[in-house]
Structure formats: C-alpha cells, structure tokens
Amino acid sequence: MNNYLDFERPLAEIEGKAEELRALARQNEEMDVEKEAAALDAKAEALLAELYENLTPWRKCQVARHPDRPHARDYIETLFNEYTPLAGDRNFADDHAVMGGLARFNDHPVVVIGLEKGHDTKSRIERNFGMARPEGYRKAIRLMDLADRFSLPVITLVDTPGAYPGKGAEERGQSEAIARSTEKCLRLGVPLISVIIGEGGSGGAVALATANKLIMLEHSIYSVISPEGCASILWKDAEKMREAAEALKLTAQDLHRLGVADVVVKEPVGGAQRDRKATIEAVGRALESALREFRRKKPETILKHRRRKYLEIGSKGLAA
Amino acid sequence: MNWISNYVRPKINSLFSRREVPENLWTKCPECGTMLFHRELKDNLNVCMNCDHHMPISPRDRLAALFDGGVFSEIDVPEAPSDPLGFRDQKKYPDRMKEARRKTGEKEAMLVAEGEIGRTPIVAAAQDFRFMGGSMGMYVGNAILAGVERAVKGRCPFILFSAAGGARMQEGILSLMQMPRTTVAVQMLKEARLPYIVVLTHPTTGGVTASYAMLGDVQIAEPNALIGFAGSRVIEQTIGEKLPEGFQRSEYLLDHGMLDRVTHRGHLRDELITITRMLMRESPPIKGDLPRPEAVDETPDPEATANPDEAATSEKAAGK
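For the protein sequence lines, the chains are Z and X, in the order given. Here our numbering is used: the first residue of the first sequence is 1, the next is one more, and so on. Here our numbering is used: the first residue of the second sequence is 1001, the next is one more, and so on.
Hints are computed from structural coordinates only; laboratory data are not their basis. Positions of the beta carbon are idealized from the N, C-alpha and C atoms, including for glycine. You may find that some hints are simply not true.
Unchecked claim - Sample of chain Z residues at the chain X side, in silico, Cβ under 7 angstroms:
hint : residue
1    : Gly173
2    : Glu176
3    : Leu234
Stated by the list, open to error - Here are a few chain X residues that face chain Z, going by a calculated C-beta distance under 10 angstroms:
hint : residue
4    : Gly1070
5    : Glu1171
6    : Gly1228
7    : Ile1239
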C-alpha cells in the first residue's frame, strides 16, 4: 500500500483498480483478469514516469518530505557495518533527532551523523520530527572532533525541516550551537561528505552540510526557508507556497547549477519511496566515489578545498 | 487658472507643510512616551534620555560615534550580483532594493570602515536594519570578508555590530551559504589571533545569529535587544504556550550564559577601547590623550551647529 501525494491521485486510482481486479480474481478462480490488470499496470507506470519527469519545485518539496522515503537510519543500517552509536553532548542531554557514531563504510572506519525524522508516530515524536536542539548540534561537534583527531572521514545524512524552534532550545543557545557546528565543519582536516536525502531545512541543515562534497538526491531540496514560511512572509499568504518554492530555487537541479550541490544522485522512477533499496545503494556508490577523491590528501589540502568551495559560491549559475 | 489655484492653494499647502516641520524636531520614545528633542536625542546616540530605551541608530551615526573624532574611512566591498536568482514575489527583488536604497540612502545592509578607537586601529562593520531588515545576502557576506581581510592585513581587531532579521530570502540558497562563508571569515581572524568582538543590537535573529554574530571572542549586547534563532511567534505556535517576559532579550541571554556583557550604548565606545587594548596587549588607554567626548560629534560634520563658545575658543587658539 502506497502513501499517495495529492498530485499522484490519478495514479492512485489506476493502481487501485489494478489491485481491486487482482483481489477479485483471487476470490474467483475462473476469472482471468491478468491481461487487464497488466494493461492498468503499464498505464500506471507510464503516468508515474510522466509525473516524476517534470516535477514542479513544490511537488519536489512534497516528495522530499514523503513519509516513505528512506531516512538516515535506513541508510546507516544498510550502507554501514559495525555501526556503534555514540550519544550525548556531555553538557545537557542526548538529542535523538541527531544520530551518529563510529561505523565502517566499505570496510573503512568513519564517523557517520544523521538527522533522523522517524518513521511512525512514536519514533517521530522520539526524533522530534528531525528537528535538532542545541545538544544535537553539540553532539555532532563532539563526533566531528573525534573524527578529526583520529583521521576518520565524516559522512553526514541530512533530512530536517530545520532546527527546533523551542523555548529550551533558545535558552540553551540554538544559534550558537548551529554556528559552532558550521565552524567545526569548516575546521576539519578530514573529508566531510554530506548527503541531502530529503529536506535540507535552512540553518539546521547548514550546521551539518558544510561539506567538501555535497551530494543531493534528485528530489531532495535545500533552502534558506520553507516555501510555506517564505510565502507567509513575502506573499502574506502561506497558501502561496507553490510560487515561493518556484522563486527560492531550492531543487537539487537548481543547487547543482549554482555550485552548491556537487553531485545529484538519480532516484528510481516515482521517487526514492518507490524503491528504497535502489536509492540507498545509489547513495552508497556516490559516497564511495566522493570519498575516493580525498583519500591520501593532506589535512590542510582538505580544509582549504572546503573553505575555497564556500568562498567561491555565488560566482556561477546566476540568473542573467 | 485662477487666483484659487495660483494663490490660495499654495498658501494652504504651505500652511500644512509648515506645520509638519516642528513635528520632525521631536521624537516620541516608543517605550515611555517622552517627547525627545532631536538634537539631544542624537547627542545621546538615540537612547531615550528618560528611560534609556535604545532606539535604532544608523550605521553611519554608529561608526561616527565609535571612531576617534568620528573619523573613519569606508572599506570598498566587492560588488555582489544584483539579483542572482531573478527573484520575484509580490514585488521584484530589484524594486525592493531600489526602495531600500531610497529609504536609507545607503547602498546595502552593511557598512564597513577602518579607523582608530582610543588610538588603536580597528576595522568595524555595522549592519543596517532599515535596509531590508538588515538581511544577509551576498553583499553582506562580501562586506564581512572585505573587512576581515583588511583587519588581517593591518593586524587589527574587527568589531561587528549586528542587526538583522536573518538571511535574505530573495537570494535563496546563496544567502544561506553566507553562513559558512562568513564563518570562514571569522576563522581567518581567529587564525591570525586577532580579536573579533560582536555587539548584538536590536534585533539580531535567524541565520545571522546562527553564524558570525555568535562566534565572537567577546559577545556584547545592547540592553533589551531581541536576540535569537527562531521568531517568538513560531515558538509559541510550536510549543503552544506563552513565552516568559523578556524571552530572547539581552538580559535573558546574559542570564542563560549566552553573552559576556550587556552594555549601554553610551558606554560601548569606552568598553570596546578597554577590551581591544587588553586583547592587543597594549598599554591602558590614557584618558587625557583622547579627544574629548564633546568633540566627537562635531568634528566630522561641518553642518552641525557647533557650540558657539567652543568654536570661538578654538578659533582663538588657532589664531595664536
């Protein structure tokens, strides 16, 4: 059973019909529906391809937030061995929106950090819907520091609506924590590879995505503000999110053109949620080739490479 | 054409416009309601003489009050692309820019300058909240980088007065990328072992707080300035409760360990001199060696009506 997005409704109808037919046939031995069902399948497949070939920026936002997309935990479980979670910021708490620890990626030890949204009501609440608090960023800083001292590459998996806007989060220095985490990213002498697997929500994403290589999934987004937030400020109407999504240039393709994303990984037809395994494997291959570029590079070279990248952003792909 | 339009109407108009002039001479304190005479208010750096409420001050006035004798020279900032994304909401971005330029008479949301404070050469930057909410786009990033480069070259401290709602949405991801970009600038200062002092002024929020504005060696705030990451309305909606009195204000942040000091605008200059001289391991400032405070406002501004007595004595002195 698929979770359908609003623009997928025609698709839901066709797939529903095919499903119904097959269910009927299971109850009634004599009926032969396979031919008809197969025709419907073909029709659905064509429609799916058509829908996903030209997703509007707003639809991409919807796909990026799809509840069935693989989340950080899925990537960590599939792509890494010996994952050993390390918890806490040593100051206040352990933030479950940020998961991370030591792991092996293709046999090489690394530090992996992921912003995790959760997959059902219980885990979503536990993960705070992927919205980290200061202690989450401070845990990330601690893990990056560990990686730096033991010369382990850092891999971050980013999927967050943004940093948590809460009373306690503000009191404990949400902005300071984000600023320090970004600073830590920029101070590492080991390669830092980030993957935006869903939503890259503003400063809460920057804090972990200031990388040597930024990989983005085909239907992921990365933006200064959510389209809804932008619409309510600039259009004074949160319902204008389609226009805002368009104007913000937040798709992986836009960001690649602007030199912010270095690699865009193709998703299966119909988005990552339609074939989670294939998506995760594709990300694994992109990670491997990104890491290979930095193998045996000197710490200063790696650090300079990252800084230069950010200093130069804004010099390509601009509107005429 | 008759005598009504030629004579009576201009007469009426002039009567009304004449009435508006005296109104501009007085400012009503938004906090305590006291009517403040414009010249006295300016001499008091836009701080209410009755209740000490800190009103906004333009970057130009701010820097004039900071530097010895009000003398400073602006640092050239590399041009930024004017509309990198071709952004359009209800208005076009270039039109919003034109409006902001007309309103402020400034080119952009940050002014960077060099000069001396207490005879210590420094570079200072001041953000302009009147200019599109002080928002951080590529120009602000360029301004901070230009200021830092000058400070590193001249081996002098960098003082930054922040005031911004956050990143400039109209530059989309490129404004978000000013978070890592300005963080690189801060690191350049730190590696050169030069003091970076941030003075947070009302208001400083969003991506600005979550990057360069929270990374100072010393963090000072003006009284009762709003400082935070998320807006209070968003927080109230998220947590479903009213926020405490004074939440996200300077004194609240000081209480929560997020600031070093909260300092009255009238004492800022002396305090910055004291701190920078100690961090630069220079001798204590010699009070007599400094220009008298009264001289500060008058020297750079030929139009300002100087105290006639003083003008006379200085003429006499010059004559001798």
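Each hint tested on the structure:
1. About 5 angstroms separates the beta-carbon of Gly173(Z) from the nearest beta-carbon of chain X, less than 7 angstroms, and the hint is met.
2. At a threshold of 7 angstroms, the smallest CB-CB gap from Glu176(Z) to chain X is about 4 angstroms, leaving the interface hint in force.
3. Hint status for Leu234(Z): holds, given a least beta-carbon distance of 4 angstroms to chain X, under 7 angstroms.
4. At a threshold of 10 angstroms, the smallest CB-CB gap from Gly1070(X) to chain Z is about 32 angstroms, leaving the interface hint violated.
5. Interface hint status for Glu1171(X): upheld, as the beta-carbon distance to the closest one in chain Z is roughly 8 angstroms, under 10 angstroms.
6. For Gly1228(X), the suggested interface contact is upheld, since its CB lies about 5 angstroms from the closest CB of chain Z, less than 10 angstroms.
7. Of the supplied interface hints, the one on Ile1239(X) holds, with its beta-carbon coming within about 6 angstroms of a beta-carbon of chain Z, less than 10 angstroms.
Comparing the model with each numbered hint stated earlier shows that hint 4 is the single one that does not hold.
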